[in-house]
Amino acid sequence: MDGKHSRGPVRGRSARRGFARRALVLGTVAALVAACGSDDGGGTITLGSNYSDEVPRAALAAAVDTCDLDVEINTVDHNTYQENFNTYVQQPDDVMAWFAGYRMRAFASRGVVGEISDVWENLDGMSEGFRSASSGLDGEQYFVPLYYYPWAVHYRVSVFEENGYEVPTTWDELLALAEQMESDGITPFAAANDGRWPQMGMFDMINMRVNGYDFHVSLMGGNESWEDPRVKDVFARWEEILPYYQPDVNGRTWQDAATAIGNGEAGMYLIGTFMVDNFDPEAQADLIADIDFFAFPEINPEHGQDAVEAPIDGFMMAADPANEEGAKALLECLGSADAINAYLAVTPSVVGAHADTDTSVYNDMQRKSAELVGNAKYISQFLDRDTDPDFASSVVGVALADFLADPGQIDSILATVESQKQTYTFE
Amino acid sequence: MIGATDRRWLIAMVGIPTFFHVLLVWIPALVTVGLSFAEWNNLDPLTAIRPVGGENYEVIVTVFGTRLFPALFNNLALVFFLFACTAAGMLLAYLLDKNVRGTAIYQSIYYFPVVLSLAVVGFIWKSVMFSREAGLLNLLWPGDPIDFVGDQTRLFEVMVPFTDVPVGISRNFAALLIAMAWRHIGYVMVLYLAGLKAVDPSLKEAAAVDGCNEWQSFRRVVFPTLKPINVVVAVITVIEALRAYDIIAALNVPRGTEVMGTLVTSALIGEGAGRVGIGSAYGTVLFVLCIGFIIWYVYNNFREDER
Chain G
1 MDGKHSRGPV RGRSARRGFA RRALVLGTVA ALVAACGSDD GGGTITLGSN
51 YSDEVPRAAL AAAVDTCDLD VEINTVDHNT YQENFNTYVQ QPDDVMAWFA
101 GYRMRAFASR GVVGEISDVW ENLDGMSEGF RSASSGLDGE QYFVPLYYYP
151 WAVHYRVSVF EENGYEVPTT WDELLALAEQ MESDGITPFA AANDGRWPQM
201 GMFDMINMRV NGYDFHVSLM GGNESWEDPR VKDVFARWEE ILPYYQPDVN
251 GRTWQDAATA IGNGEAGMYL IGTFMVDNFD PEAQADLIAD IDFFAFPEIN
301 PEHGQDAVEA PIDGFMMAAD PANEEGAKAL LECLGSADAI NAYLAVTPSV
351 VGAHADTDTS VYNDMQRKSA ELVGNAKYIS QFLDRDTDPD FASSVVGVAL
401 ADFLADPGQI DSILATVESQ KQTYTFE
Chain R
1 MIGATDRRWL IAMVGIPTFF HVLLVWIPAL VTVGLSFAEW NNLDPLTAIR
51 PVGGENYEVI VTVFGTRLFP ALFNNLALVF FLFACTAAGM LLAYLLDKNV
101 RGTAIYQSIY YFPVVLSLAV VGFIWKSVMF SREAGLLNLL WPGDPIDFVG
151 DQTRLFEVMV PFTDVPVGIS RNFAALLIAM AWRHIGYVMV LYLAGLKAVD
201 PSLKEAAAVD GCNEWQSFRR VVFPTLKPIN VVVAVITVIE ALRAYDIIAA
251 LNVPRGTEVM GTLVTSALIG EGAGRVGIGS AYGTVLFVLC IGFIIWYVYN
301 NFREDER
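Chains as they are written, first to last, in my numbering: chain G, 1 to 427; chain R, 1 to 307.
Just so you know, the hints here were simulated from the structure itself, not pulled from any lab data.
There's no promise every hint is true.
[Stated by the list, open to error] Label pairs and their calculated CB-CB ranges:
| # | chain 1 | residue 1 | chain 2 | residue 2 | range |
| --- | --- | --- | --- | --- | --- |
| 1 | R | F156 | G | D77 | 33 to 41 Å |
| 2 | G | S412 | R | L24 | 39 to 47 Å |
| 3 | G | D65 | R | I236 | 49 to 57 Å |
| 4 | G | S412 | R | S127 | 33 to 41 Å |
| 5 | G | A415 | R | Y111 | 46 to 54 Å |
[What the hints assert, rightly or not] To spell it out: a stretch of chain R is covered by chain G in this simulated footprint if at least three of its residues, at any positions, have a beta carbon under 8 Å from a beta carbon of chain G; those stretches are:
| # | region |
| --- | --- |
| 6 | 35-44 |
| 7 | 147-156 |
| 8 | 250-262 |
This one's a predicted model, so the numbers in the text were calculated from it and none came from an experiment.
For every residue, glycine included, the Cβ atom is placed at its ideal position computed from N, Cα and C.
Working from the sequences, and respecting the hints, build out all of it.
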């Protein structure tokens, strides 16, 4: 008993210390939580950013610097940012980086992001196309575009020149070129599907060439059956080029496929212009300069090459920002030519949304990107930006992987998509 | 006797952890069960939660049966597979316990995978080992390159009773099993090493004197004394198999390798998912499996002890 008592105070102290520590931890947590919500206007504007790679991060900082505002940029790893966006958007920063189209509308229509139509009144140099991509279903604006980048068929100019290849503009020419490459010992199509999004681009392009942009929108909006003969047509066309694909598509990363273009093993690669980011800007500068792209060839003359896939990245405002005035000032600034010029001075892999973007600094690829999109009658975002994101990844992405693994099963795969689609509510 | 002060401390020491445990584990778990009977997009206010009865469960076993059953089958296969790994880990521990030269080095090598972060594990298996173009396994393999990550062809196929959903082990899941074994064996080995150190050497000597060979001495003398460790390892093995997630997620969840853990996260916290009801239903299925096993196991274990 005595021994116990003599140890008592010691135990008590250590336990108290534990308490003190716990209280300290709780206090810190409380302080952090308070810090998140207690900005009382002041002057500081918070900007949530998923520009977590080194180059885009520096580029965004340069763009924000042109605004002459007191901005605090909170950068989060981009995968984490996107995956947790549903949670984040409920306690967000004043301004947050996001994507245009359905992927923005899904949040706008639920009222969890702020309407910024008055910012748009002060924006000049944004085309009607960008305005509609920034508008919610109610016709008001919820998004300010910064830049975009097109998806197109990439190839190496030197490989085409050495072998006397011509850029194909029709499906038949594409198939003939593929056949020619095959006999020359080059794999015609570099292809990846790791993460189950890269091949969504191929589906979108064939679909818009065969059935047109309006059908794409309607299909993504859940208004068409996936067992429709028009959808089956898309997969029938796709099957015609599958034999020319790199084998084992589903396990390959887009970077590995880009490498196959880089070392000349493969001839063509449908992907976003970001594919050049796979190469070192300094050590492989010659290779990057050798890469060019062409618009996906025509399949149905009715639609020609009138649609291009060009995802737009930009910013939204919180539904209830701590510093609304500052947030709107920042958005207006980010929608200006100065901001995008500063951004592009750091990285030339994308194209400015603003009409007055300084195009004199563009490299060939940026110039062609702007031209490709400028000449397009219709601009789509991307499969996972044009429809319910979970439907895109959990249903369509899975179906495309299954199709690539076993094209013969397409009928039952599409039946599954159609039945699973019924459990989603589209806008 | 416990004094009043001591009792207060005792209550505090038991009470505070219990409070946090209930708050952070049990309440969310029960809320998840509740939400599995509702339809809700987590962007909407709480007032938008709409009860739908068992509809979510009906949807995941019918419309999404082609996702649920293969995932459940993969989890089940993992339970059996990880028990085989557990046996391998036990063997390693037994051999290393014999104080072979360089034991510490072997131990470190086998235990190393356990301390690596998810990102590192993902990189090692995706880029260094499995990559079709540059992976070590494909460089060593003499034949055509193998698509370890993407090949979803099933090695065998069986039909789930009462449905038309085929399940089986796909090739890429078989490859992932290697990655999981790589980690699980080291984990189990360390636990058994600790247990073996505690076995009284005189027991083994006595067994040897009585004429036991190595296997008999292990089976009849050492193994039974390891019982407390066996309980812990068995529970860990089953829970690891049921909650498997990280290595698969690090490889971007290739088609064919889905497990319950990946279904829950993609439906519940995936970007813009907001299908809280369906995600919770997946989660509840997993929860029931885990808790069911633990209750069954602990119950049987205590009953044996009482006998």
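Here is how each hint holds up against the structure:
1. F156/R to D77/G: 33 to 41 Å: Since the Cβ atoms of F156/R and D77/G sit about 39 Å apart, the hinted range of 33 to 41 Å holds.
2. S412/G to L24/R: 39 to 47 Å: Holds: the Cβ-Cβ distance is about 44 Å, inside 39 to 47 Å.
3. D65/G to I236/R: 49 to 57 Å: holds, 52 Å
4. S412/G to S127/R: 33 to 41 Å: holds, 34 Å
5. A415/G to Y111/R: 46 to 54 Å: About 49 Å separates the Cβ atoms of A415/G and Y111/R, which means 46 to 54 Å holds.
6. 35-44: Our answer is that it holds, as 4 residues pass the Cβ test (under 8 Å) against chain G, meeting three.
7. 147-156: With 7 residues in contact (Cβ-Cβ under 8 Å with chain G), the coverage given for the region 147-156 of chain R holds.
8. 250-262: holds (count 3)
No hint from the list above goes unmet by this structure.
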